[in-house]
Amino acid sequence: MSDPNEHTDPNDTGDRPRDPTLRRPDGGRNVLKEGRDAELDRGPLQQWAANSIENPERVYRALFYVAAIFFLFTTLFPFYWLLMVALTPEGQLQDIVFTPNGFNPGAFIEVFEVIPFHIYMFNSFIIALASTAVVLVVASLAGYAFGRLEFPGRTPLMLLVLIISFFPPAAFFIPLNDLFNTSFFFLEPITGDGTLYNTPFALVTPLSAIFMPLAIFILTTFYSQIPDGLEDAARVEGTTRLGALLRVIIPLSAPGVATAGVLTFIAVYNEFFFSFLMTDGQPQNWAPILDGILAYQGQYEVLYHLMAAASIIGVIPVAILVVIAQEKIVSGLTAGALKE
Amino acid sequence: LGRGPGSNTVVMTADSGVEGIIHSEGDQPSVQQALWDAGLDEDIRIEIQTVVSDSASRMQTAQAALEAGRAPPDIHMMDSGWTVPFVLRNQTVNLTEELPGETLSYVNENYLDAILETARHPESSDLHGLPLFPDLGFTLYREDYLEDAGYDTSSWATDPPQWEEFANAVSDAREQAGLDYGYTTQAAAYEGLSCCTFNEVMTSWGGAYFGGVNNLFTAGDRPITVDEQPVIDAIRMMRSFIEGENQNTLDGYAQICPSPIIQWTEQQSLSPFDAGNAVANRNWSFAIAQTGAEEAFGENLGVTTCPIGVPEEEAEFDGTGGTAAALGGWNLVVSPFSDRKEEALQVLEAFASEEVMLTVFELGGYLPPNLDLVAEASPDDVGPVARYGDVVQAASDNAIPRPATDLWPEQSALVYQSVNSAYRGAKAPEAAMNDLAQELEQSESEVQTNGN
Amino acid sequence: MARVRLENITKRYGDETAVDDISLEVEDGEFVTFVGPSGCGKSTTMETVAGLTEPTEGRVYIGDDEVTGLAPKDRGVAMVFQNIALFPHMDVYENISFGLRLRKYDDEEVRRRVEEAADIVQLEGMLDRMPAEMSGGQQQRVGIARAIVRNPDVFLMDEPLANLDAKLRVHMRTELQRLHRELNATIIYVTHDQAEAMTMSNRIAVLNDGKLQQIAPPLECYNEPTNLFVAGFIGSPSMNFAEGTLVEGGLETNNFNIDLDPGRLSGVSVGDEVTLGVRPEDVHLRRYADSLADPTDPIDARSDVLEPMGDEVFVYLLLAEEAGRSMAEDPATASDQLLMSITPDTDVHEGQDLEVVLDRSKLHLFDAATGEALLHGLVERSGPESGEASKAG
Amino acid sequence: MARVRLENITKRYGDETAVDDISLEVEDGEFVTFVGPSGCGKSTTMETVAGLTEPTEGRVYIGDDEVTGLAPKDRGVAMVFQNIALFPHMDVYENISFGLRLRKYDDEEVRRRVEEAADIVQLEGMLDRMPAEMSGGQQQRVGIARAIVRNPDVFLMDEPLANLDAKLRVHMRTELQRLHRELNATIIYVTHDQAEAMTMSNRIAVLNDGKLQQIAPPLECYNEPTNLFVAGFIGSPSMNFAEGTLVEGGLETNNFNIDLDPGRLSGVSVGDEVTLGVRPEDVHLRRYADSLADPTDPIDARSDVLEPMGDEVFVYLLLAEEAGRSMAEDPATASDQLLMSITPDTDVHEGQDLEVVLDRSKLHLFDAATGEALLHGLVERSGPESGEASKAG
Amino acid sequence: MEGLSETAYAYLLLLPAFALLTLVAFYPMIRTFVMSLRADQTRGIDPLGGFIGIENYIDILTGNARLARQFLDIGLTSSFPFIEFGTPFFQQALFVTLAFAIISVVMETLIGFGQAYVLDQDFRGRRWVRVAIILPWAVPIVIQGMIFFLMFQPTVGFGSDLMQSIGVFSGTPLANSRDAFIIILVADIWKSAAFMALLILAGLQSVDRSLYDVARVAGASPWQRFKLITLPLVMPALLVAMLFRTMDAMRVFGLIESTAGCTTVPSLTCLVVEAMFGGTRIYATAAAVAFSTALVIGLIIGGYVVLFRDTEGGMY
Ligand SMILES: Nc1ncnc2c1ncn2[C@@H]1O[C@H](COP(=O)(O)OP(=O)(O)OP(=O)(O)O)[C@@H](O)[C@H]1O
Ligand SMILES: Nc1ncnc2c1ncn2[C@@H]1O[C@H](COP(=O)(O)OP(=O)(O)OP(=O)(O)O)[C@@H](O)[C@H]1O
Ligand SMILES: [Mg+2]
Ligand SMILES: [Mg+2]
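Top line first, the protein sequences correspond to chains A, B, C, D and E. Counting from 1, position 202 in the first sequence corresponds to residue 425 in the working numbering; the numbering is continuous, with no gaps. Counting from 1, position 223 in the second sequence corresponds to residue 273 in the working numbering; the numbering is continuous, with no gaps. Counting from 1, position 2 in the third sequence corresponds to residue 8 in the working numbering; the numbering is continuous, with no gaps. Counting from 1, position 97 in the fourth sequence corresponds to residue 103 in the working numbering; the numbering is continuous, with no gaps. Counting from 1, position 80 in the fifth sequence corresponds to residue 618 in the working numbering; the numbering is continuous, with no gaps.
A hint or two may mislead.
[Said to hold, decoys possible] Calculated pairs, DSS-like style, for lysine-lysine (alpha carbon to alpha carbon, straight line, at most 25 Å): (1) C:LYS217 <-> D:LYS217; (2) C:LYS173 <-> D:LYS217; (3) D:LYS217 <-> D:LYS173; (4) D:LYS110 <-> C:LYS173; (5) E:LYS765 <-> D:LYS173; (6) D:LYS110 <-> E:LYS765.
Read the hints as simulated data drawn from the structure, not as lab findings.
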């Protein structure tokens, strides 16, 4: 019979050999059995194996830590290496393994001196935020329709949504390039010359459309899993269908909504193709971070250390922000979202 | 959201390097000032739109704007390698019609012919772009190491050695000096291989893509000669450099190139040389400025053009053999969609003045399209390049442009893939070049069938 | 005005007919309870009233207006859900106040009404709990509070007290009745609890297999069920049934005969099969026959199983000698078995031979073929009205 | 061997004590029912047995082994959940067979057992439905089938019949009893239905506020409740209580007096407050006093509200003239009120003046301060044992 | 609006999405399709020649298109394996792309599941582990490419030497199609496993915990709980993740471009981009390649749909 304390100790990683006498808070009811164990003189490993068989939870816990550390190492090592590249002074980029070739933390400042990198970041941030907002709103409506309503043509329409994702973005380029450079009189008050080129709309529009199918599918999946009873209750209580979506379904799908938001935000933040072609690359013209990073690249030389530093600056704060925001979103949507 | 330049501002695309010299703080000399001094209307200001500096990306940006009929930019800075396709698509202003005759004749008479060719309409020979600066391929080497190894390089500058001699010298010098690398060059599968490094080697062996220099700019009805012996030999020599004694190599050529060159471009090949870890390097004029500075190798830097495979006389095709220097460089092209075409043309006109060219050279180290001016420039302002004026002159004499027709980008991809795979030994040189010849033939034939 | 009227409501899910052509009218301020076996369509019918399910056929009226197709929020109904359906992301206060906040009541008013409702369902002090932190009965009470806090015209309550203990049920019952009186609300109620149905309702609607069987005041359903189904369903434990044949002058079952004049029954004639029904409380030990106005002849029986309930004891009687089968397994079908309810003090024990009599004035007769009721109370044999009955302790 | 033993189980959620130091033992093969008000800790106690909740203090034994801390799957228990918790992604067959498939029974066996279980809960023909397509009662039956299909040593059933109608309940009750007999399984059962608790259990455990009040056979709980709480909780409708004071030779309440010798009561003395309890069925109309062995003196009363239940009628009596307040609102507390149950034929109507008597042999006396029972049945006044009682119809 | 029938209401809700898609997808798509039916025209203002029907498509499928690498170039032979590659495997965009998509999606799914499972546990510092695991997904493709490009640059990074010394790679892996393919695969897995992990995590988080109670009492081991409860319940989320990862992987371009280059590892999108922006104006061919790519992706997605149509709680 096993010791109940073993199960409740969250700090027990199961991988450190322990003094067997310490495991008997009851004063060693099984003295005899222990004596035999001692005679067998098992090594810590065997002891651990024996304990593990008795108590598989320990193995899961140990496996869990191994997995966590493995994942941490594999995801973080390239970043570490990127940091080493960033710290290596210009032109000494050779044989970097675990330490930089020289030490030049100035790169992190230089990044902003060479070009106004913060403006690119800001642009990207705004564009990503706007696109995410558009995507979440539009995809929520569509996801609700696909996930919770029965109507003719549901499956075909859903597949139609996907079609945009079948095409390499380059395929859209020529018509979209024309479109965004066409002057529309009704846009003149907003953009000056009536075209969308060089405005945030030139990015927000296509990027929203491109990342919308993913959000629609995520939200469809999550919305469809909310029991009908809850929506029914909300509607009887006096919400419209949309109200029920807003007050019950979205909050209950918080993990899905937040994930759709995070995926969209980051995807837009880092998008390559349209970011590159739909602005002229000028920070004042809403060029995104991608143009900023590429700006460290010359015809015959590439400022790798600056690109690396810029990437770290561009990515890490955003990732942290996004994760924290996501946690807030999830807890905010699920707890007291309706506190008015 | 309101944007757009003032009415007298001409927007020009440029990389950050050029941008840095257009305007200046206070009284410092600047290109803008030089332009005004050269007679540009004082109201007209240039505004630079920086673009990503890698050539392919810049082409995409230009293409995006011009396909959409968008201006500004009013002036596009175009690589000499891909100006012609835009010209052929009527996306440039015909300067022959628009510039004053005086300027035109100055340009036609004094500018480096090879670069002018890259800015002309292939059929009418009208000028559609004004070269801003040419660039030329050089072979950089360490005189000190070579001399230590017992080679006399004093005549190399204007009288490049034979490849064989060069290889032996480099090889010996590397051993002598205990360096990691001998000769570093660019052989990655990219435009730089087809336009330049391979073009140079091939030319030095008397080979050519399309049967000599006369057929460079007229696609369609021209011979395809990439499967001829000189081309094969050039590849085999490079394989000797890379692999040493091995299949498909040429006897008697030492192994001097590190094998990674097959994935190297300019920067990666320059790094070891710059770090003092290589004997020789093939690169552009900016590399001279970088490594010839006093803080760097100073006088120990030797510069020449491409070593010689076969003498000019023995070359199979016109204009090949002997030494060669691949031609790069950038042209200025006026957008036909510009609202400020007149102003833009004025700017171009001013750029064609000698003072401006010199200013550009002095401030940025960009070679003037009129290479005679190199000698006139004050060495103090220009830096190390001035020291090698004679080499620059020799290079310009032997400049070999790429066959930059509208088909060139397509053909270039075919060429660099084949050459790279032959370098790597993935294909035998003969097989690779035969396949390439077929592919090029098909590409060329499109011109006839489509009646372009 | 909150009359609720259903007109030929049918609801099909694929081939399955959940509700089958139900028409009924609930008067303004009336309390109608739906009862019926599990899966008979009670909840579905409620949902059509609430607007959560569109009927496949038929129309729903609330007040004077047809509401078929109208959104639930525009029907002025509140509903307690069978599966409770609390919003898991809101605490009790937010759950209860949900409907009020939607209607933008001011905070003061909301708090007042929520507290009042919480008081009624005895959840004071739990307003900031999350549903996951509550017991099943507590959750159900939140569901009730959420409905009553809104004071609507029509309440729909689907087994609102299912998870509550007897005492709380009695409390909630009186509270709901009070609400009913005070608000003069129309209430449609689903329950499987006989006591609830009997005590609270103005009328009971008995459903079976999607069809309405009877809608009548509780005692009418109990005393005059329209058919075998209602007779068997209403009343717990269930009515005893015995199959028999009409003969000249009476009714013959396997084990006993009853005097009666078949000529007085319409729709059946001598020789037809009928079913006799008698409730457990109308079966008496022979020794008390005298206190009955009109007892049947004594019937021989043997007590099989005794089930003491505290306030009464159920005695399972075997009429014919039947070996293996214990009646307790299936008390209500076979004619050879009879369930009797007696007071706890009576000294009957298991396996005892007894004589029992039935109260003729409480017998029911059904057409065996159609199940329709033929007669309630056989009074033709002897004159005297069944007078005051009494209970002895 | 599947004895279940709880040793000083306490479960706290934060400050809230859900279960408070409960110790009890359920014998192998015994059927114990937990009853108690909503939120008293029934489900939580079950969960500690199942291993879903680790008790804050105390130990759980199943058979001879301590299982505290053991994973639920290693405890050999099956459970019916109060919130049903069907797997939404599995159809009925898969839901029911879940546990069997885990144990790698062969397909034949699984199908046989699932069909048998489905039969018991009357879900034949619904095996390929998804949970979302079923009515509340049908879902609950799937939950029951899922548990019984596994034939474990210990069954834990948390209000398994809450959503079923009376008839099906009776059916399920007998089925569960049969299972209990056949499998000789240990069953711990939670219900709020008195009839279930009374008929099925070997013993009833009454919980209140996390504490065990009494654990005893059903009739003992009914007839000899250990304290006021149990007395009030068991039995529906609830026992009547009247506060009174012990005086020399008897007990005085507001409205009537009872003869009795306080000296025979331990722990209290003359002058102390006590509570008298009497069940509604032990209140009789004066005219039947003769049939009682030992009636009290007549008590004046006035009928207030009548609640006909079909087989009986509840009469709410007012003892003192009390104007506004109707008893129905709060029947069990005030001493001025009394609930009486009579047979339906008795001609009592609302607002009638009556005299009632109590059956002295059925009176209960509790210490008003502690609530502990002092005495059940006051027999000291007159000699004759209460003989056979009878019921008249 | 509440009065609308369910169908009308659904269409109303879909309106914004489809308006956006029409503007940004359907309209350009149709124009692109029309382009693909015309001839290339490298000169002149008009970028397109005359109408030539499906000739461009035929060229693409027979290896005769004006592309640096072929979309597909196989012939049939009479001897085993009956298929003959006109050019080597790694030079045919279709095969490279398919191989890439299949391997990367499978690997990412497995790793993503592992990561999500780790993140779903409760432990101290979970937030930071989550940041760590999400980080690669936040890296712009250029940088992702740069990291792996530099790592496997012989003089700069340690990757080539290391891999060469254990005999896996050649000395210049980025110039070798097979090696470069592996590098790109690893780079993609590194970045995109986080995408899978995030979606799967969301799926895990929304599983009703009381179902686990039921399963535990029923005797399910952790593995069985995973297989019978977790997996089927996150399946919808997982399918969405795989679906989109597959489509993404089939369109891989930026990563290749910024590491080994399209020459070494040609993907379908590489062909489109090179044709579109290669300088020689062959828009019609580019459009035809784009459509063919879409067709291939569409076929694969069709496969998914058929394969998973019956999944419980699935999307269709
Ligand atoms: N997770 C929790 N956090 C806080 N309190 C809890 C939690 N779970 C239960 N409780 C409280 O513990 C007490 C006992 O709950 P339990 O579910 O055992 O009641 P119960 O006897 O089953 O009631 P019911 O008959 O209503 O189902 C209740 O007051 C409940 O509010
Ligand atoms: N979505 C559905 N799809 C198919 N059949 C359904 C669906 N919903 C309900 N049913 C069926 O319709 C019938 C009526 O269901 P309903 O919920 O109205 O029953 P109920 O009377 O409320 O039963 P209970 O007392 O068990 O709650 C049942 O047989 C049920 O199986
Ligand atoms: Mg129901
Ligand atoms: Mg409970």
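Going through the hints against the structure:
Taking the CA atoms of C:LYS217 and D:LYS217, the gap is about 46 Å. The hint is violated against a cut of 25 Å. Annotation: proposed proximity of C:LYS173 to D:LYS217 holds, straight-line Cα distance about 18 Å (limit 25 Å). The suggested pairing of D:LYS217 with D:LYS173 is violated, with an alpha-carbon distance near 33 Å, which exceeds 25 Å. Taken as a hint, the D:LYS110 and C:LYS173 pair is broken in the structure, with Cα atoms around 45 Å apart against an allowance of 25 Å.
For the given pair, E:LYS765 sits about 39 Å from D:LYS173 by alpha-carbon distance, which is inconsistent with the 25 Å threshold. Restraint check for D:LYS110 and E:LYS765: satisfied, since their Cα atoms lie roughly 14 Å apart, inside the 25 Å limit.
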